[in-house]
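> So you can see what is in the structure, the chains are spelled out below.
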Amino acid sequence: MNVHFKLTAALLEDAIADLRRPHPFAAERAGFIGCKAAACRGGALVLAHTYIPLPDDWYLDDPRFGCVFSADAMRAAMQFALTNDASMFHVHLHDYRGVPWFSRPDLRESSKFVPDFWNVKPDLPHGTLVLSADAAAGLCWYPRQKSPLRISRITALGFPTRFVGRVE
Amino acid sequence: MSGIYSRQSFLGKDSATLFREIRTGVVGLGGGGSHIAQQLAHIGVGRLAIFDPDFADFPNLNRTVGMTFADAVSKSPKVVVAERMIKSINPDAEVWSIQDDWQSDFQALRACDIVFGCIDGFSGRAQLEESCRRAMIPLIDIGMDVHKDDPYSISGQVVVSMPGRPCFRCVGFIRQKDLDDEGRRYGEAGGNPQVVWANGTLASTAVGLFVQMVTPWCRIRPGSAFVGYDGDGFTLEHDMRLTVTGKNPCEHFERIADLGDPFWKA
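Just so you know, the protein sequences line up as chains A and B, in that order. End of the first sequence sits at 372 in this note's numbering; the numbers just go up one at a time, nothing left out. End of the second sequence sits at 930 in this note's numbering; the numbers just go up one at a time, nothing left out.
Since the hints were derived computationally from the structure, they do not count as laboratory data. Where is the CB? At the ideal position from N, CA and C, for every residue including glycine.
Computed footprint of chain A on chain B; a stretch qualifies when at least three of its residues, placed anywhere within it, have a C-beta under 8 angstroms from a C-beta of chain A:
{"#": "1", "region": "770-779"}
{"#": "2", "region": "880-886"}
Residues of chain B placed beyond 10 angstroms of chain A at every Cβ, according to the derived structure:
{"#": "3", "residue": "Ile668"}
{"#": "4", "residue": "Arg671"}
{"#": "5", "residue": "Ala680"}
{"#": "6", "residue": "Lys739"}
{"#": "7", "residue": "Ile753"}
{"#": "8", "residue": "Gln763"}
{"#": "9", "residue": "Asp809"}
{"#": "10", "residue": "Met904"}
For reference, chain B alone in the conformation it holds in the complex (with noise of 0.2 angstroms):
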């Protein structure tokens, strides 16, 4: 099996034996966390806690990556597709997979190196980084929406929540308005409408922050990362509210009180 990774060599001489030893995170295993587990297995990840309670179903047979028509017919779940993606790419990985929400098993998402969110929802983008600040674990999310707009408009994001580095809310990513207008906002195209390409681009831009995160291929080093996706014109763009607020320390997540167990026991 030797070669394996000798295309991306210039990650770094030490960059195979680490993404080995990493442990990534993917919370939801939709249209955006299916590419992702794919290419963290692609990419020689050797440990990866993958999490999602659904079950595939024809719908997500437009975008989800590995998933075959035969999983839609006996609604395998999520996991198990994925796990299977992923071991056939690298047989060697350990995966723990929780078919269930991430909240029924914080032991294992605290485990994780750094976690990937590929959920719907400001709330659920909330809780989540919430308990990754807890435990100190940086979060890379992801996120599109097709809006309509004479007739459609696709648009996404990218979005990193570096511990110590401005979080969702100081970057304008999550205001309380959008937790509010929730329900409003979504689905305005008919039930989380979702596509393939839109979520590979916005996948393949986490991974790619991710590599940038780990390894010491690249000069440039962000701090942290914002990038807006405008689906209509296919380009990428660092957003602005980041150049604002970026150089600030966050305001949210800034206390020791903000960090681990409150009532943690040995």
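Chain A extracted, bound-state conformation (with noise of 0.2 angstroms):
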């Protein structure tokens, strides 16, 4: 099973130059991307669409780690998937050049937050990803599968196509 995350340039750009901005208090921001599934041969396309940064009152002020966002960005989040019949995919910036990964706190959080978006829509794939300033990584919950699965392609659509996350 391969999982193919896709996005625009336009998109990534955004998401990247509003996950740079800094924060009053929180270490680093997140934020979401609202997406559509598809089936292929081989595996699924999850499709990005639209990306919803978190206002600056929806960080909560936890010096252990770098972001806490509130329930009010989990309801926006996913209030959003019940809308529009979207997979959610909380995003993050880890703002260095190379391939990105999680960190544990990411891991075990992420574990934690991304199935209760199958309390609104069970049968659509969710995840998260991580970006660098010139790659990605990503891992996705798909329905009636234990363990997430590592996204292997992540690809941002544009003149540059860029495969910024390939696990092949």
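Take the two lone chains, each set in its own frame, and fit them into one complex as the hints suggest.
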């Protein structure tokens, strides 16, 4: 099972620009991407449509973590999923060059909140992405799979079309 | 086999790996699609999905690259001809040969990173673009026509439909009037006239746009492309319609409901 995540280069630029903005107290920002899913030979496509930034007051001041978002953020993301029949992908940025990966707290917390999206959209894949300045990686919670799948390909479409995350 | 791609190493240090891993679709294996399949094999594209329901015949021999007289005699499927040609150049290529209309195997089409559309007619193009947009696949369309114009003139175009950017309707390449008039507009010089040199020019331009899209070799980043071909004056020029509309977002495929499977189930 291969999961291929696609987004436009413009959406990727918008997300990175938002995630780079300093926050009054949080060390890093997060957002959500509303997506659709499609079947393809050998796996599935996750197709990004809307980047959802989090307003400053949806962050909680917790110095143990770079970023903790409030219940308002989850509520807004869940509402988007419900209204648009959408897959939801959490996204944050490790602002260096090279292939990023999730920290241990990222993995622990993602495994708690990402499956919550199945409460509103149980048949759709949901997940989390980590971006760097020039690459990306992701995990996808796929319906009826016990463990999250590593996203095998992340493509930013445009001129140039960049394969920012590749695991073949 | 080392050194096969040494003369194109300027495309980027990872270009050979990229071409080996990328999956391209070629829809239609006539005069345009056969040229494109051959060039993709030459540059090292390692995964192809080729679609065509038709069989070789004598009227194809004037332009179909790789087709032999024996193929026309035996009525070989065009996908068999194309796969044989691709593998004669790149034996390691993985080729999905779909001897049917592309609509018969949506899932193979959707697995493609980039699709070349080499089909006749506006309604077929519109359907292919909609399916590519739904799976966020860049589509590079080529087409030529011979017009009866004292006595004849040849023209054609290469148009890119990039997700998030103007579509064929936005740039005026496909208009409702064209769809309505299609039957009357085509074939004025007799049975979808096609010639190998014009097909080759358009196919080479399409493959050039593909390489420009996925490798960092060129500083020009057009965002999209609409190139018109004047087959009488032997010129290629950017179509002004894209210049006018190119900065606007697409109005026809902008909704989230335009993406993915409407009733998707894992």
